[in-house]
Structures are given as structure tokens and as C-alpha cells.
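Residue numbers (my numbering), protein chains in the order written: chain A, 6 to 596; chain B, 22 to 459.
Be aware that one or more of the hints could be misleading.
Claimed, not checked - Computed beta-carbon distance windows for the label pairs: (1) Y42/B to S556/A: 45 to 51 Å; (2) N391/B to K284/A: 53 to 59 Å; (3) R178/A to A401/B: 35 to 41 Å; (4) H379/A to T451/B: 43 to 49 Å; (5) A401/B to L497/A: 56 to 62 Å; (6) R178/A to R262/B: 30 to 36 Å; (7) R178/A to E413/B: 58 to 64 Å; (8) Q99/B to R178/A: 25 to 31 Å; (9) L587/A to Q99/B: 31 to 37 Å; (10) N391/B to S100/A: 32 to 38 Å.
Unchecked claim - Straight-line distance between alpha carbons at most 30 Å, and here's what the computed DSS-like set of lysine-lysine pairs gives: (11) K593/A to K284/A; (12) K453/B to K593/A; (13) K593/A to K286/A; (14) K163/B to K174/A; (15) K284/A to K163/B.
Source of the hints: derived by calculation from the structure; they are not laboratory data. Glycine included, C-beta positions come from ideal geometry on N, C-alpha and C.
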Amino acid sequence: MPESISAATHATPLPPTTVRPAGSRWAWAFLIDVAVLLFVFAAIYGVYAIGHLWLRPVTPESQISQNPRILPLYAFYSLVRITVAYALSLVFALSYGYLAARSRRAEVVLIPLLDILQSIPVLSFLPGVMLAMVALFPHRQLGVELGSILLIFTGQVWNMAFSFYSSLKTIPRELREAARIFRFGRWQRFVELDLPFSTIGLVWNSMMSVAGGWFFLMACEMFVLGDRDFRLPGLGSYLQTAASNGDTRALLWGLAAMIAVIVLLDQLVWRPIIIWADKFKFEQVETAKAVQHNLLSFLGPASLVIRGYRVMFRPLINRLTLTFAILARSAAQTFPVPKQMRTRRWLAVLLAATILVGLGFAVFHAVRELSDLHSEDYFFLLRSAALTFLRVNVALLLGALWTIPVGVAIGSNPRFARLAQPLAQIAASIPATALFPVILLFLIRLRGGLEIAAMLVMLLGTQWYILFNVIAGAMAIPTDLKEAARIFRFTLWGRWRRLILPGIFPYLVTGLVTASGNAWNVSIIAEYFHFRGKIVSTAGLGSAISRASDSGRFDVLLASTLIMATVVVLINRLLWRRLYRLASSRFKLES
Amino acid sequence: MSTANTAVAPIIEARQLEKFYAQPDGSRIQVIAATDLAVYPGRIIALLGPSGCGKSTLLRMLTGLAPASAGGVLWHGQPVRGETPNVSIVFQSFALFPWLTVIENVEAPLEARGMPPIERHKRALRIIDAVGLDGFETAYPKELSGGMKQRVGVARALVVEPEVLFMDEPFSALDVLTAETLRGELLELWLGHKIPTRAIFIVTHNIEEAVVLADRIIVLGRNPAHIHADFAVDIPQPRDRKSPRFIELVDAIYRVLTRPDLESNILQATEAASSSSHHHVLMLPHTRPGGMAGLLEILVDQGGHADLHRLAAELSLEVDALLPTVDTAVLLGFLRVEEGDAIITPEGQSFAQADIQARKAIFRNAALANVPLLRQMEQALKAKSNRTLQDEFFRDLLDEHFSEDEARRQLETAIQWGRYSEIFDYDAATGKLTLTEA
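If we strip away everything but chain A, and leave its shape as in the complex, we get (with noise of 0.2 Å):
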């Protein structure tokens, strides 16, 4: 494990399973091809429902219906809008995670900025991001569009970036020198080197951020920005809309295309798609493990996006790995290299020199804008500060409360682990944010029940990060300590402090950390709701944000904005990376 943490980076995900389907591939064939040919009708219209949908003028409070009839097509938009703002995010992240792992200059300051972005919530980006699209596009749909999907992108991107980065820097001296000593190119080294040692991390990485993408969805299709009600036409702010009209009816629909969608998703492209990130484990020897599931041993090798990816995408790979390749043999020849070294290193401190500028700038204003402020809004933003700070915590313990016990049974008992996992895998899912509204239903005549439910949307965003890490804890503990633990006959509690919860430690901590980072990201929603008509909301930071947000109050914004990240990025360097250090010292199992 990297000896760095950040929020959302290091959920160790379950080992990925592997099983070739048994049958012939022949006879799907056909149906494949069947397949094929649908899939390329329906991108077809695809692309022209979203050309037609970005291209027309501007409307940005489109009425959102709620006759759950055109739920396919909110789900289509929403999915598209996801999917433009993960390619987004896979290309920054892979930039971003580049320049870091390759410059050390870059690095010092690339890393703790992407810790500090971050634990940054989306909707702080809102008003930057919304307001400079609009300005790029002022006519048409198009400038809406991008902002929602760059919201979508900020909440994406991060653990990316994060974690190619790190799997850069994990990459083993001998297959580094390997590619150098034959004088692999650039791009060579990248296609053969780079991106096939992180594709298993970005791989699990990128299931996170999807699942992030759904998560914030409500919040980055349909907000209000000043004066300013912005609404796009998706399952997010149908789902949005239902809440605030108190539409019980159309709000189950929603959450039932929600869970539908993304449970597709997952048996269609995620699955498959591990199967396939398999072949890029790092190791020497072929492992025994291979766990049965359900639809992929069914569609299996043959799916669509590997089957694309062999059809299309290595060819092309491979042609440019030449092309390359030729042509770095002949600019070696070419250009003499010490100009080109001069030009580039003149480049360099050109860029450097407009960052600098640009960040002087932005400080200065940032500063004129916080002293604005009174000292009653620090100390009622401190105190919200300190509330959500109560909430977070009480629910990552009341998480690991339940998660503990129930993860230590479903790791350490292999066949209600077969029963176990994939019911929680769907669970996990299932996006809170989602739920928040139908719970808030239930819960908003109890007295405090507000205080509840965002209590409640917190556990149930971060929980399943605790659950799944302590299973595969569980799954880690040697069967010979648990043999010596059963010859010594230890009581029930013995066993559990001397063994299950020193064994657990490690993927505790990482489980606890992105929990954490959630947790306050989650704030957000959990504190501050569009429902019935009115507003519900809770004192506490994420509502301090929301509010500011909502209203335009772009100081006060900036001000709890900046609270938070440095709230977070306290806990995480003064609590959990010194857990960390401690789980990867003294509690790491060697075998």
C-alpha cells in the first residue's frame, strides 16, 4: 500500500474474480453480431437525442416532467452526461497523474494540491465552473451542459489522478530499466508500461468514481445560483423535482430506474471489464482463486467492450507505438538535443512564471473577498465546522459498529460470503442521495427527524467502504493464526483482540479513511434539502456551503469552503496517516 493517503483513494476492493465461461463462444457469436448491430442504432440516436438536446438555445429552467414514462430517456441524458465527464476525468486524471509521477518539481506541489481539491465538495465548484460555462456558450443548451457535467467531473477525478499516480510510482526498478535499457519511446513505455501496471487500480478507481458521479448527481443536475434556477432534464432532478413536490409515487419510480441503471451497468461494463483488468495483476504465479458471478461467466470474454477494445483499439495502439517509434528514431537524428533541451527548459519557467502570476492574483482577490466577512460569520461557520465534524464521526461509528462484526462473518465464512457479497455489492450501489428523499418521508414528522436522516444518508454513504474493506481483511487473516487461536482455546473476546482485530487494522483504517473523506463530501445533501417546497436543513458546514451557494453569497462560500478542506486535510494528515503508518508497521501481516 502507498505510504501516502488521501480520502477516497485506497478502498482495497475485493479480490476481482475470474472464471471463463465454459461453453462455446461460437454460438453467441451471432448474437453478438445481433448485439453489435443494435448497440450502433441506438448510438446513433443517441448522438443525435444530445446534439439536439445541447444545441438548442438555452433553457435553463427546462420543466422536468415527472410522468416516469420518459424515465429512459432522463436516464439516457444522465448517463451520457456521466459518461462525458468520466472520459473527462480518466484524460486529466492520466495528465495529471503523469506530471506528477515524472517531474519531481511537479510533484511537490501536484500532490497536496490534490489532496486539498479533494476534500473540496462539488457544489464549492459550482458557481466557477456554472458561470464561466455559461460565458463560453451564452446561447445555447451546450454551456448548461458542460456545467453540469464539469460538477460531475469534480467529483470524479481526484482518486483517478491519485491513484495512477501512485501505481507510477510503485512501477518495479527491473521493469523500468527493462524499458529502458530497450529503449522503449515515450508513448511505447506508456501503452506497454505505464497504463497496463495501473490499469487494475484505475480500473477499481473508476467504479468509485461512477458510483461518485450518481451520488452527486441531484446536486449537479439541478441547483439554484443566485438568482439563477438551473434544471436539466435527467434522473437526478427527477428525482429532485419528485422530493421537492412531496410525489411519493414518481419518487420510487426514479429510484428504481436509478438502481436499475447502475445495476446494469455494473453486470455489463464494470464486470466484464474486471475480468479483463485481470490479465494486468502484477505477479509471477497464476492463482488458485476464482470466484463464480452470475452474468459475466455468461457473456464472458466475448462482451462488447472487449471485444471493441480488440477490434478497434489495439491495432491503432500498435500502429502508433510504431509510427513512434520511427519517428523518434528520425527526430533523434534530426534535431541536435541540447536547443531542443533549451527551448523546453525556457518553456518551463514561462509556464511557471504565468502560474505564479495567476495564483498571486486569485490570492489577492480571495483575500479582499474573506476580509469582507464579519467575525459572528467565522465563528458560526466554525461552529457548523465543529457540528458536522460531531455528525461525520458519529456516523463512521455507528458504521464500523455494524460493519465490523458483520464484515469479520462474511470474510471469515466463505460460503455466506458467496450469498453475502453480491447482495451487498448491489446494496452499496445504490446511491444514498437517492434514498435521502424516501427516508426524509418517513422521518421529516419525528421531532429532530431531520437530524436523523442526514445522520442516517452519511452511514449509508460511507458504510459500505468500512463493510468491504473489512471483509477483505477478514479474508487476509492466515488460517494457521486462526488454527493456533482455536489450539490455545481462546475466549470469544481473546479471539477478537488478539487476532481479528489486530489481523483487520490495516483495511480498517483504509476503509475508515475514504468513509471519512465521504462523509464530509456528503454533508452537503445530508444538511441542507429541496423538499416539499421548502427548504429543510440543519445547522452545520454542508449546509453553511449549500446555503452560500443557493444564495449566491460567493464570500461566504469560499470562506466554508476553505474551512472544510482544511478540516479534512487535518484529520487526515494528524488521525489517519499516522493510523496508517501504525497499520502498515505493526499490524501488517507478513506472510
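With chain A held as given, fit chain B onto it using these hints.
Frame of chain A; chain B shown alone:
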């Protein structure tokens, strides 16, 4: 001992090649002393030495993977910048790309040279056939056994037709039988001129492997690494491990490896030459007291002395596993080494025959008498009123004399020995050393 034939021009030549780390205070930590070395065509050179002595660093400087601190590498008489032209490496850990098939792995270096697909496919197939991997072209590395993997490693290295093939402990990750097979196959390729490679440079810590393969054996000494001895091997191939000349040479190399007096002479000479403020401190061999006790017990059983080479063979230990233990016993005054024979001293005798508690007392006395670092640590702890010091205090002291990694290992070894002999206690969680009350 003789040097190689100088009538032919060398392919690679190292001139006063050095590796050191400059310290903030202006002194330097010397890893490799200024070294001259030449690789001549038509020969297999083996670089031999205990692990951690700088063999791999030297190989990486010769191939251009690691920059030299001073001196330079010449390629056919021309100075080299960056990677050395037209060499390749077979790695200890194989370093295959697990996501590429056998043939893709072998083709990758050709791809990097911009060779068109059909031609590189043909060349890859030919070399895969030559190393005996026919039929495994589309297998992934994880489906292969260790020996097969290293065959892919060799094929990948040879496919670019390197002038010099470097091998970094290529057989040490394999079991004994597989390693022997691969050595035979390598010799067959080389002696039968089935590969266009003009010289092979192999790094190893296995003396017999060096004598089986090489035409010239360079023995490296430690701290800092320097050429300790240079043997020409003129036993005709195929070599018989049982032949008197073979055994004689192995013995001779053993003697050189276990002759600390010569080593320290050279050390002093290089220190005078490098004129740095660095002064020599005693370096602890990284062993545990338990291993040394075992060695002494075996020696007592064998009548108090034994030939080291035969001992290593009997215990099926390689030289780098046995030598640190021998060094430790010598350092503590439990053992003398003369002409490749280990002879137990009276102190060693009593240590080997004592019970656990008495052993600790004997070890303690020997350590405090012979190991300045432990003596220093004891005195520093005694000087404190609470008899406690942080381990970082000692690490800072060691940092002045060793590289960061080595300082950490030195301290670890010292703590290991001090704990065993009850000079002090150590709490790993807090890093506190406390003097053990008598």
C-alpha cells in the same frame, strides 16, 4: 592471475568509474572506488562478490542505467552518454511484462526500434525457437515456470542482437536444477556461436557458476566496492566440476573472498587516493547471533576447523549466505580464517558449548571488546541519567559514515546484537533504547 589479452580493442571500457554520495558536510560516502574495467570480445566475464557489495550498481553504470559519480564509460573508444548503445540485460527477477504474451515480450524491443511487424515477428520467432520456447509464443508469463520465464528473458535480451549481453544474477531466482539447465543452454548458444553476441558480462554471487561459465572472473571487495582479484580461467569447456583444476580455482577464489587482511590494505590505499575526509569505521556484517552459533557448533563437531568451500557445499549455502556469518565470528574473535580454512578459537569453542544464558554473557564480552559501535552505544546510554536514548540519535551518528540505507541496516544489526547479548533493551514502537540493568 593475469589480465585479459590486450591486443584486441575492448568493446566497453570503464575508466576510473566511481560511485559516491556527497554529504552536506562536504565528505562523501564511497560506494564504488575508482575502477578500471574492460570488456573484450569473445569472452564471458563474471563479476563475483557477496551481495550488497555493489556488483549490481557497477553493472548499471556500465549499461548506462545509473549515472557514474566520476569517471566514464567508453563504447568502442567513444564516451557514452545515457544508455550504452547495443547492450541488453537479463534481469534477476526476469522483468517480463505480465500483460504481454511471450512473443509480444520478445517483440517489444524491436518495436521500440521501429521495425515493421512482419520482420520483427520473424526475428522473434527465430530467437524463441533458439531458446527452446517453441509452442509457448502466445502464453502469458504467469503461465510459465521460472526457468521458462528466464528463457523468455534471455530471448528478449538476445533479439536485439546485442554486442554485449549483461546478466544480473540471472539464475539466482531459480531452483538449483533449473539454474544448471539454463547455464548449460546458455553455454551451448555461446560456444556454438548460435547468437551474434560478442561478449557476456554476468554478475553472480555463486562461485561455481562463475567458474563453470566464465573466461575471466573479477572478484569485488566490499566497502567501498573495488576490484579485489582478477582470475583468468583457462579450463577448457565443457568443464568438469570434479576436476582438480576446477576445485583448485574454486578454492582459490574462496581464499580471496575470505581474506580480510588484503581487503583492508586495499581499503587504506583507496582512501588515501580519494583524499576525502571520510574515515573508515568498522562495518558490521548483517547476521543474527543465532546463525553464527550454528556455524560454530558445526565447526566444533568437525574438530574445530574446516575448509570453507567444502563447508558451504555441505550446508548447500552460497557464498553470500555463509560469508557474513563467518565475518561476524571473525569480528567477535570466535574464528580465524587462514587460507580458506576456518579455525575456531578457544572463545569460540566455549561459546559453542555454553548454554543459552552463558552464551549471551560470552557474546556480550566479545561484542563490547571488539565492536566499537556497541561499546559506544553502551557508554552513551550509561552517560544518561535515565539510561535511555532514542534510536535516531545513533542513526544520526551512523549517517555520517554510511549511506542512509546502510546506516539503517547497521543500526538494525547493532540493535539485534545488543538485544541478544542483553546490553540494552529496545522498544520498536517508541524507538527507545534502554540500558539493561545487571
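Here's how the hints hold up against the structure:
no.: 1; hint: Y42/B to S556/A: 45 to 51 Å; verdict: violated (59 Å)
no.: 2; hint: N391/B to K284/A: 53 to 59 Å; verdict: holds (55 Å)
no.: 3; hint: R178/A to A401/B: 35 to 41 Å; verdict: holds (37 Å)
no.: 4; hint: H379/A to T451/B: 43 to 49 Å; verdict: holds (47 Å)
no.: 5; hint: A401/B to L497/A: 56 to 62 Å; verdict: violated (47 Å)
no.: 6; hint: R178/A to R262/B: 30 to 36 Å; verdict: holds (34 Å)
no.: 7; hint: R178/A to E413/B: 58 to 64 Å; verdict: violated (28 Å)
no.: 8; hint: Q99/B to R178/A: 25 to 31 Å; verdict: holds (28 Å)
no.: 9; hint: L587/A to Q99/B: 31 to 37 Å; verdict: violated (54 Å)
no.: 10; hint: N391/B to S100/A: 32 to 38 Å; verdict: violated (58 Å)
no.: 11; hint: K593/A to K284/A; verdict: holds (27 Å)
no.: 12; hint: K453/B to K593/A; verdict: holds (21 Å)
no.: 13; hint: K593/A to K286/A; verdict: holds (22 Å)
no.: 14; hint: K163/B to K174/A; verdict: holds (23 Å)
no.: 15; hint: K284/A to K163/B; verdict: holds (9 Å)
Checked against the numbered hints above, the structure violates hints 1, 5, 7, 9, 10; every other hint is satisfied.
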